[in-house]
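**Student:** This is what each chain is made of:
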Amino acid sequence: MGGNSNVKLIDDNGIRIDGRKVDELRNIKIEAGVLKNADGSAYVEIGKNKVLAAVYGPRECHPRHMQNPAKAIVQVKYNMISFSVSDRKRPGPDRRSVEISKIISEAMEYVVFTENYPRTSIDVFIEVLQANAGTRCAGLTAASVALADAGIPMKDLVPAIAVGKVNDQVVLDLNKEEDNFGQADVPMAMIPRTGEVLLLQMDGHLTYDEFQHALELGTKACEVVYEKQKDALRRRYKVENEEAPAEAETQNQEA
Amino acid sequence: MGGNSNVKLIDDNGIRIDGRKVDELRNIKIEAGVLKNADGSAYVEIGKNKVLAAVYGPRECHPRHMQNPAKAIVQVKYNMISFSVSDRKRPGPDRRSVEISKIISEAMEYVVFTENYPRTSIDVFIEVLQANAGTRCAGLTAASVALADAGIPMKDLVPAIAVGKVNDQVVLDLNKEEDNFGQADVPMAMIPRTGEVLLLQMDGHLTYDEFQHALELGTKACEVVYEKQKDALRRRYKVENEEAPAEAETQNQEA
Amino acid sequence: MGGNSNVKLIDDNGIRIDGRKVDELRNIKIEAGVLKNADGSAYVEIGKNKVLAAVYGPRECHPRHMQNPAKAIVQVKYNMISFSVSDRKRPGPDRRSVEISKIISEAMEYVVFTENYPRTSIDVFIEVLQANAGTRCAGLTAASVALADAGIPMKDLVPAIAVGKVNDQVVLDLNKEEDNFGQADVPMAMIPRTGEVLLLQMDGHLTYDEFQHALELGTKACEVVYEKQKDALRRRYKVENEEAPAEAETQNQEA
Amino acid sequence: MARSVVSEIKRDHIQKLISKGRRLDGRAWDEFRPISIETNYIESAEGSARVRIGNTDVLVGVKMIVGTPFADTPNKGVLSTNAELIPMGSPSFEAGPPDENSIELARVVDRGLRESQMIDLEKLCMEEGKEVWMNFVDIYVLDYDGNLFDAAFLGAVAALKSAVVPMKANEKGEDFPMPIRSLPISCTAVQIENSILLDPTLDEEKVASARLTVTTDENGDLRAMQKGLIGALTIDQVKGVVETSQRVGKELRKLLG
Amino acid sequence: MARSVVSEIKRDHIQKLISKGRRLDGRAWDEFRPISIETNYIESAEGSARVRIGNTDVLVGVKMIVGTPFADTPNKGVLSTNAELIPMGSPSFEAGPPDENSIELARVVDRGLRESQMIDLEKLCMEEGKEVWMNFVDIYVLDYDGNLFDAAFLGAVAALKSAVVPMKANEKGEDFPMPIRSLPISCTAVQIENSILLDPTLDEEKVASARLTVTTDENGDLRAMQKGLIGALTIDQVKGVVETSQRVGKELRKLLG
Amino acid sequence: MARSVVSEIKRDHIQKLISKGRRLDGRAWDEFRPISIETNYIESAEGSARVRIGNTDVLVGVKMIVGTPFADTPNKGVLSTNAELIPMGSPSFEAGPPDENSIELARVVDRGLRESQMIDLEKLCMEEGKEVWMNFVDIYVLDYDGNLFDAAFLGAVAALKSAVVPMKANEKGEDFPMPIRSLPISCTAVQIENSILLDPTLDEEKVASARLTVTTDENGDLRAMQKGLIGALTIDQVKGVVETSQRVGKELRKLLG
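Sequence lines, in order, name chains A, B, C, D, E and F. Start counting the first sequence at 1; every next residue gets the next number (my numbering). Start counting the second sequence at 1001; every next residue gets the next number (my numbering). Start counting the third sequence at 2001; every next residue gets the next number (my numbering). Start counting the fourth sequence at 3001; every next residue gets the next number (my numbering). Start counting the fifth sequence at 4001; every next residue gets the next number (my numbering). Start counting the sixth sequence at 5001; every next residue gets the next number (my numbering).
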């Protein structure tokens, strides 16, 4: 967090530099089933963020010593591609992406019915193609859609969103400028149905009242993201059902 | 390739800076069986290039997951030692040597009767002791002699040579200056008996006519290198046969 | 070794900059059993050196291919923590610590009855918390106390000390300034009972006479260190015996 | 085999106790184990602290080096935090470069130090854009019995607080104490069987389903937070942990003198 | 088990079809799958292109950074090409530093770009010996269904062609388009059962015995070539592939607009 | 299987012979195998030597690069020694970064060169604090049949002695020979069954319980020493090896011409 900067990010009418109100999300677009090789996949756009998630598995657990005889392990790898940010990012994991991969893995492992697939690994690869603040939330949002697309049984989908503080106001879904010059950032992920928090981080400076307000804003926004996730899967299944007969025909031709 | 340089590398009589004609090879010296520990070995000098190759195997395949139940794998590692070039090369593989190792491995795997040795690895180590353009060809030439010296059954020996373009002329077996200031480089490896091409790369700028001419020059030169390879092995076996009784005696003394 | 420096490190009365005579050790403090997780541990202070050693094992040998079916292997890792020296040391092993780890491992493996624990590994971790010359000897001294604390049968404890040459005199137990500006350094480790040398290195410049004198000084000093080691273990066992009933009571309370 | 049986029994035991509102070592749910802080433990560091919380034993050192500032903060010193889970500290720690556990630990500690603006980094600038003090905070875990986050953070704060800027040794002028603006405290809770406990031991951590670390400043304001482990917290649990952290933080801060 | 049986059957099927002059997806031997090229896909890159050839999906970005030239080319910008076979793209791609496959891919693409002198690197020099533009071409394989060489090369050429030199953002003057001199095209053939096919799918690649990539310029001249896989080509096959590449290259070049 | 049986038999054989005062190859205990030294073997190096001791075959090269001195020795050139146990040299050598064996070898050779002050490093300073010659001594083991320490050290000394400072190629003036002050020699002994042997073969090394390397100068003074292997030496054995090294060192030094 840049701290108490003098940059004016919210105007006198409460409008943010990208035209949003303080409690308004950026445009969200979610698509399921966008890759062929992966067992499941999803594409998420939130504002200028572009994120892909791919699921492979359940499959043989590769670092053998990590196998769990009682359940599957969920290994999420979050990665930013080199040209997703303004300064070229050297390929390969950095400390930030290792931490994010860890906490998203933990969140996903909670919702997957891992007992169904002992000794296996369910691998989720999140690639941030274009970054504009909030990529870990976009990635987590994509990850659970991709898991559903892979047909892996889960307690529920997991939407995620960041809340923050800018010019002394609690605002929803920070963009890049707000993230750079803001005063606090609170990424969170929830199970909307139960109100359970699966991912929660915070950095910056918030009073307890502000934090409680942030939790409220985030909770509501997660419900919106959740609807977009479900809608993406509905569209995906619809397409599949329409495609199925066509595919059968093709197979006939070949046989 | 340095491209269309103004450096004059061929004089008006068609003579190159090291005194050769355009279709003339540098001096070649090949020796088989030059190391004790290795199961097979060879030393190749082409002009100022000095290259050693050592073969270990067939032996247990080390990265276990690379084992092939139906055949041996051939793993060639090409390496330049740190003081083989004018600027000190940091020890360890760089991207160039990884690529060269891959394509030489592929070429060698084609000629070895790998089905004879399922699950094993045949490891070939090429060390460039002194480099003066054409080291991958010298290394490949040494590798197949070392494989023969190790007694590993092969379809045939594999000679290799580079052809190139210098001062707008197609020339055989570039030296270092020609490589630095030349216009094209075409390393190639063949099975002379069948005319099959096992390794072929090109970079620079060649018309299709020039390329066809280069293939012709290279094909002929490979036959010359092939004779040197066979001669090295003949000398090696001769020495072995002369040595054999002496060795038997020594064993007697010890027993 | 800095070589023939003009820095005056011994005054006309034969007194060194820290007040010691040429054949005098720095203050030594040894404690056994200072860590809870480790199977055995020891803390050693020699002058301003502060060193911890921890023993884990005998336990499953981790790089599997290093397992010895006939005996345990002893793997010592010597490490300096980043702020143990005046310039921050980047965490992780450097070439110096790899060499020291190797020779301490070899010394320790000789005294441990490794045949008792086939296929296992006995791992010793030496962490130099604060360094002031002589850390490998302090580490080795700590290692054998920690091994004894872990209850691992050994031929004997192994004391270690460095002898050196400063201002053309052979002196015992160099401190940091003497190490920086001295003329020779001879770290050594022994089994005092048998007079066997387990670790011996030397760098600098010594005549054969000086070297013989150094060996004598070091041999005597090792006996002093040896007594401190035994004393630490005696104190440790005393404490253990006193603690034992108390611990039993606690267990009762919980049950 | 035997080992896992024992641990299964222990797990049950811990869970049963907790469901009765009790802990294995008899502490109240919001009670820390005994804490000791020994500063200036290492002379070769500019600042250092050895912190023990129960059997957890952490050594933190601060090294200060003259360097160049980042381009976007030309008038500020640099802070870098690193954690080493050395194999000495636990049979579960492995040699090698920092793994995800040590990286998470280092980054959570780093965020707490940074976001609380504990150090006045502008006072660590010697020449704008050219010369600043770089602070390397290195956390070594010597013995691991749970709650590394709080032990490491307490150690980092104590080490920084005790540090002296080595101006003289670098021929830059007179030494001065590290410019400190606040003393942030982190407080970590875990969830076990729907109960919340502070300062978990290693055994408790193994049974826990979720972890929440909250870093607060003197005003009780939030500066950093991290939820971890495979499990969920309710919003009420989150709020409860925050309130407890505010309260307990005040107590722990007194230990820093 | 089941998997390898299926693939054995598929292998036979592909080989039989090909020996009858047919392909699994009905294409002619010298026919490419549908190709789509979407440029300026990523705003944070100076140039970018997402290229799909059938189900093969590749994203290429160009980042330009101010740097110093190499000593032996003081008046030229720098070109660096890297390929990431990320695990997202295929179950056979593993995480970690570039392996021999991604290194070969990157180097073959790099040679084609470099030897065709596609970019006028002298126009990317700002101050001789001191300041030039460094071009980082990064190739990410999102979905892998064969013929990476051509997809990656097409992506790299399209991304470079679409790039704008970020002078303004670096306070160096006015932006200008990447100085392009030619549009090289690579064309890859494989040998299966002595037949030659262009644009192999992944299934076809698995059955292939040799691969040859030929990069040609607008004049049909050769700029780069790479033979791969464990197998041999006759001289006539090599010549045939070169001639086909010259012809097909002309067609593919039109896709670049 | 067969292999280890044979080696068990060989081990017994070697031990029995030695207990009778004999060696497998008939040498006396203090006798080296035939030694050959070929200098200037590699033109691209500033100095080089290929040294064979029996079947042990080592190639050492010296590269000299213009660089900056270390802050604490502003008027001295830099010496850096590295050993590569390349897989060509032995089935027991593995590819990859230097392991503990190659690091120990390089460091023992380095100490011998450095502590004997063989090179007059002050003569390799061109401008105090700014520009000095950096000497990279790289040791490649082409064939390993025991006693690497002595072969590598002999190679390093011979390569350095043959080196010419490349002033001209670096536009710094006229070339001159490496400024040499002394010719140190290392001599390595092993203990087998309480006997001491010089110049062990690989088979002898495998049976040995302790190793001692002693590096002496022209005066017979000690410059470096390293005890290795899992075994102990008596004080008398140590003294005996030192005395032998002084004597044998004189003989070996003659080989350097």
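Since the hints were derived computationally from the structure, they do not count as laboratory data. Treat the hints with care, since some could be wrong.
Pairs of lysine-lysine, BS3-like flavour, derived with a Cα cap of 25 Å [what the hints assert, rightly or not]:
hint	chain 1	residue 1	chain 2	residue 2
1	B	Lys1089	F	Lys5254
2	D	Lys3168	A	Lys102
3	D	Lys3168	C	Lys2176
4	B	Lys1071	E	Lys4206
Residues from chain B that face chain F, not an exhaustive set, calculated with beta carbons under 8 Å [what the hints assert, rightly or not]:
hint	residue
5	Val1022
6	Lys1036
7	Ala1038
8	Ala1054
9	Pro1063
10	Met1066
11	Phe1083
12	Ser1084
13	Ser1086
14	Pro1091
15	Gly1092
16	Arg1096
17	Val1098
18	Glu1127
19	Leu1233
Label pairs and their in silico Cβ distance ranges [stated by the list, open to error]:
hint	chain 1	residue 1	chain 2	residue 2	range
20	F	Phe5070	B	Lys1220	19 to 25 Å
21	F	Asn5075	B	Glu1223	25 to 31 Å
22	E	Arg4027	F	Ser5007	41 to 47 Å
23	B	Asp1156	E	Met4167	53 to 59 Å
24	E	Trp4029	F	Ala5095	40 to 46 Å
25	A	Lys230	E	Asp4099	45 to 51 Å
26	E	Arg4181	B	Asn1013	52 to 58 Å
27	A	Gln67	B	Lys1220	38 to 44 Å
Just so it is clear, CB atoms sit at the ideal spot from N, CA and C, and this is done for glycine as well.
**Student:** Do the beta carbons of Trp4029 of chain E and Ala5095 of chain F sit within 40 to 46 Å of each other?
**Tutor:** Between Trp4029 of chain E and Ala5095 of chain F, where Cβ atoms are some 41 Å apart, the hint holds.
**Student:** So, Met1066 of chain B near chain F? Judge it on the closest CB pair being under 8 Å.
**Tutor:** 14 Å, violated
**Student:** Check the hint pairing Lys3168 of chain D with Lys102 of chain A against an upper bound of 25 Å on the C-alpha distance.
**Tutor:** 43 Å, violated
**Student:** So, Pro1063 of chain B near chain F? Judge it on the closest CB pair being under 8 Å.
**Tutor:** Status violated, d = 11 Å.
**Student:** May I ask you to test the interface hint for Val1098 of chain B with respect to chain F, counting a Cβ-Cβ separation under 8 Å as satisfied?
**Tutor:** 12 Å, violated
**Student:** Kindly confirm whether 45 to 51 Å is satisfied by the beta carbon distance between Lys230 of chain A and Asp4099 of chain E.
**Tutor:** Violated - the Cβ-Cβ distance for Lys230 of chain A and Asp4099 of chain E, about 39 Å, lies outside 45 to 51 Å.
**Student:** Does the interface hint hold: is Ser1084 of chain B within less than 8 Å of chain F, judged Cβ to Cβ?
**Tutor:** 6 Å, holds
**Student:** Is the shortest C-beta separation between Arg1096 of chain B and chain F less than 8 Å?
**Tutor:** 17 Å, violated
**Student:** Can you confirm whether the C-alpha distance between Lys3168 of chain D and Lys2176 of chain C stays at or below 25 Å?
**Tutor:** 20 Å, holds
**Student:** Would the hint on Leu1233 of chain B be counted as holding, given a Cβ-Cβ threshold of 8 Å to chain F?
**Tutor:** 20 Å, violated
**Student:** Does the hinted range 19 to 25 Å hold for Phe5070 of chain F and Lys1220 of chain B at CB?
**Tutor:** 56 Å, violated
**Student:** Given Lys1036 of chain B was flagged as interface, is its beta-carbon under 8 Å from a beta-carbon of chain F?
**Tutor:** 5 Å, holds
Against the hints set out earlier in the document, violations occur for numbers 1, 2, 5, 9, 10, 16, 17, 19, 20, 21, 22, 25, 26 and 27.
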